[in-house]
Structures are given as structure tokens and as C-alpha cells.
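J.: Protein chains in written order, with the working numbering: chain A, 1 to 96; chain B, 1 to 315.
Just so you know, the hints here were simulated from the structure itself, not pulled from any lab data. Be careful, since some hints might not be right.
What the hints assert, rightly or not - Partial list, computed: chain A residues near chain B (C-beta under 7 Å):
no.: 1; residue: N5
no.: 2; residue: H24
no.: 3; residue: G26
no.: 4; residue: S27
no.: 5; residue: A31
no.: 6; residue: D32
no.: 7; residue: L43
no.: 8; residue: T45
no.: 9; residue: E59
no.: 10; residue: A63
no.: 11; residue: A66
no.: 12; residue: D71
Said to hold, decoys possible - With a cut-off of at most 27 Å between alpha-carbon atoms, the simulated DSS-like pairs for lysine-lysine come out as follows:
no.: 13; chain 1: B; residue 1: K106; chain 2: B; residue 2: K293
no.: 14; chain 1: B; residue 1: K308; chain 2: A; residue 2: K33
no.: 15; chain 1: B; residue 1: K304; chain 2: A; residue 2: K34
Just so you know, even glycine gets a beta-carbon here, dropped at the ideal spot from N, CA and C.
Next come the chains, spelled out residue by residue.
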Amino acid sequence: MKNDNQFPQWEVFIQTKNGGPFEHQGSLHAADKKMALQNARDLYTRRNEGRSIWVVPTECIAATTADDAADFFDPANDKIYRTPNFYKMPQGTKNL
Amino acid sequence: MTEEEKEKQFQQRIDAGEKIEPRDWMPEAYKQTLFRQISQHAHSEIIGMQPEGNWLLRAPSLRAKKILLAKIQDEAGHGLYLYSAAETFGIDRTEMIAMLHSGKAKYSSIFNYPTLTWADMGAIGWLVDGAAIVNQTMLAKCSYVLYSRAMIRICKEEGFHQRQGYEIIAKMMNGTTAQRNMAQDSLNRWWEPSLMMFGPHDSESTHSKDSMKWKIKVESNDTLRQRFIDRTVEQAHHIGLTIPDKNLKYNKTTMHWETSEINWDEFWSVVKGNGPCNYQRISHHIHYHNEGKWVRDCATAFEKSREKENSSISI
Ligand SMILES: [Fe+2]
Ligand SMILES: [Fe+2]
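Only chain A is shown next, with the shape it has when bound in the complex (with noise of 0.2 Å):
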């Protein structure tokens, strides 16, 4: 069964609701992006889950690891600076 052909792989990004973001649903085979678009639906939208779907093939997406989380995201470990808590306001400030 060696050349019998599954299909590429490709994963699925489901919007709920309108305005809200595409969340990851999982994976899914299938041969092309109809096909594809279509297999989600029936795969993880028979509830209605959905009112947008996207099909991205696995292979298109990279990804870091929990591995290299400490190195990749180090940059920002040491700016907090860049929240609104590290500011000092004069007492009795308003509005901001």
C-alpha cells in the first residue's frame, strides 16, 4: 500500500463569530483547496461552529518550539517599560 495517496495535509482556522478572530481547529487530508475548504465544514463546522473557515497546507506554516521559547522570546523579558503600569502618575490624574 505503499503509493496509495492520502492527500496533503492542510490545518483549519474557524471564525465563530462575526468580528472575532480565525481560531486553529485542527487538521484535516484532502487533495486541493476546494476539497480542503470543503472537509472542514463537514469535518468541524456540523454544529454551526462556523461562519468563515480557512485552509492553510501544513507544510506553509513554521513554527518555534516550547524549547526555544526562552531564547526567541527574550527580547521582550526586560521592557516593561512597554505597559501602561510602569508609568507614574501625579496623584489624583483623571482619565488616564
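Start from chain A and add chain B with the ligands according to the hints.
T.: Coordinates of chain B with the ligands only, in the frame set by chain A:
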């Protein structure tokens, strides 16, 4: 970092309740255990469509047929979520299907029993999906994030599976004597196999200790089985069914229902391939898998030809 240090760090992450993502480092044995478990779970969902498919064209009403069809479709979905999770260990679907066909990968033995009457559609939903829910609710807390996510999704869908099954049985218990007998007969045949679904006793289970250490499972086979027994006995009594076990009794101190020892010889015999339907289930799968090959080939050829067209246009 040495292998040992990595393993120690991995265990610390597990103990701290962290989830493991597919690209994270993990011990070889953790991978193997998970791959075996998830792929067998996937095969169970897929093979599990057969006993119910057997009654699809003989459902007693349009309502019953629509419900059964939707349930079977859900099971196909469950199988696909799980194949995707298993694939993250670098073994593709073609190989997994080959393992199923060669017998190298197992699936839940419960699906090697035949569905003889319509009441069995009730018993499967109520008992088999009921047992699966107890197990899957626990697995939703699994340390491997793709398994746990698949379980959360599956548990949401299972809700109606068990209820539709119990509804079928309850309806029959409200019917004629013949219907009531049919419901009781179905429970008599499915009761013990469904208790076996939780696997051997903790003391006999080879993989249990590691699985608990790695939080692949967070509760033991016997704990889960007891939870299922307690729920199910009361549901059976509620509609006038008798649990087919002479030794069944309620222990007031432990507040649990006690049952006879399970026939483990039968369990192992079915696991080894000697159940009433083992041969039928696999040959059916092989047959239809091979029959579908031309469809898969056509879809691939179509996409290839379109790729060529598209690229020639852009030049
Ligand atoms: Fe299922
Ligand atoms: Fe189910």
C-alpha cells in the same frame, strides 16, 4: 543537555501541569505510548461505524434514521480528529491504515460483537458511548495537547450519542412484551463487553503506570469502570431493566455497586482476534479502502492537471 536532563525537565513540566505541544521535546517512550493509544482510538472510531451502519437502512422511522446517520457521521469525524493527532508523531495515515489492516494496530474489542437487533442501536449509544464518555472526559485532561483538544471536541459531540441510545432503549421498555424482551436481551449481551472497554485491572495493565506518570491518563481503569457501573446500574433500574449479573449488589459503606469478576479469558481472546466479528470488520475496511482508491487517485490527478494549467497561465 543530556537525554537524562531532558527527561527530567520534561517530567517537571508534566508535574507542573504543563501541556506538551507536538514540536516540543518528549521522551521516545512517551511518543510511542501516545501514538499507539491515539491511533488505536482513531481506528476504534472508524471501525465502530460498522456495527451501527448495519442498521442504518433498517431504522424503524425517518427520525431514527436521521439520528443514526448523524451519530455515525460524528464517529467518522472523531476518527479523523484522532488520526490528525496521531500523525504529529511522524507516521502518516497510509502507514496507520496499513497497521490496522495487518493487525499490528488494534481497535476497541467492543466493535467485534455483532448488532443483532434494533435494540442494539440503543445499547451501543447508551453503554458503549457511555463508557467512551467516561474515558474521554478523563482523557480531555491528557498532557499531550492535541489528544486533549480532540477529546474536548469529541466529548461535546458525544452528549447526544448516549442520550439517543438511552431514548431508544427507554422507548422499547415502554412498548410491548416483545420489545421489552428485545431491550433486555440487548443489555444482556452488551453489559459485560462494555465493562471490558476500560481495559484490564490496574494491577494487570502493562502501560498504566507510565501513562499515569506522564499524565496521558489521570485516572485508573478500575476507577473509570466503577464510575460507569454506578451510573449505568441506576439508569438501567430507572427504566425497569435488570443488570445481567447475579452478584450485583450495592455496598452502603463504599456507596458503589459491586459486580462479578469479568470474564478476562473472553476479553483476551477477542483482543487476539477470536471475537465473533474480528475478521468481518477488518475485511470490510480493506475492501472499501481499496474500492475508494480510484477516487483518491482521480482527485490527485485533477489537482495536478490544474496546477499545470495555473502555472502556464502565470507565465
Ligand atoms: Fe466517538
Ligand atoms: Fe460516539
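J.: Please go over all the hints and tell whether each is borne out by the structure.
T.: So, going through the hints one by one against the coordinates:
With a cut of 7 Å, the hint placing N5(A) at the interface with chain B holds, because the nearest CB-to-CB distance is about 5 Å. With a least beta-carbon distance of about 9 Å to chain B, the hint placing H24(A) at the interface is violated under the 7 Å criterion. Given the 7 Å rule on beta carbons, the hint for G26(A) holds: about 6 Å separates it from the nearest Cβ of chain B. Below 7 Å, beta-carbon pairs count as interface contacts, and S27(A) has one with chain B at about 4 Å; its hint therefore holds.
Of the supplied interface hints, the one on A31(A) holds, with its beta-carbon coming within about 4 Å of a beta-carbon of chain B, less than 7 Å. Interface hint at D32(A): satisfied, since its Cβ lies 4 Å from the closest Cβ of chain B, which is below the 7 Å cut-off. For L43(A), the shortest C-beta to C-beta distance to chain B is roughly 5 Å, which falls under 7 Å, so the interface hint holds. The interface hint given for T45(A) is violated, since its Cβ lies 10 Å from the closest Cβ of chain B, which is over the 7 Å cut-off.
Given hint, E59(A) at the interface with chain B, is violated; its Cβ is 13 Å from that chain's nearest Cβ, farther than 7 Å. The interface hint given for A63(A) holds, since its Cβ lies 6 Å from the closest Cβ of chain B, which is under the 7 Å cut-off. Annotation: A66(A) was flagged as interfacial toward chain B, and the flag holds, the nearest CB pair being 4 Å apart, inside 7 Å. Taken as an interface hint, D71(A) does not check out: its beta carbon lies about 14 Å from the nearest beta carbon of chain B, beyond 7 Å.
Restraint check for K106(B) and K293(B): the C-alpha separation of about 23 Å stays at or below 27 Å, so the hint holds. Restraint check: the Cα-Cα separation between K308(B) and K33(A) comes to about 15 Å, which is no more than 27 Å; the hinted pair holds. Between the alpha carbons of K304(B) and K34(A) the distance comes to roughly 14 Å, so the proposed pair stays at or under 27 Å and holds.
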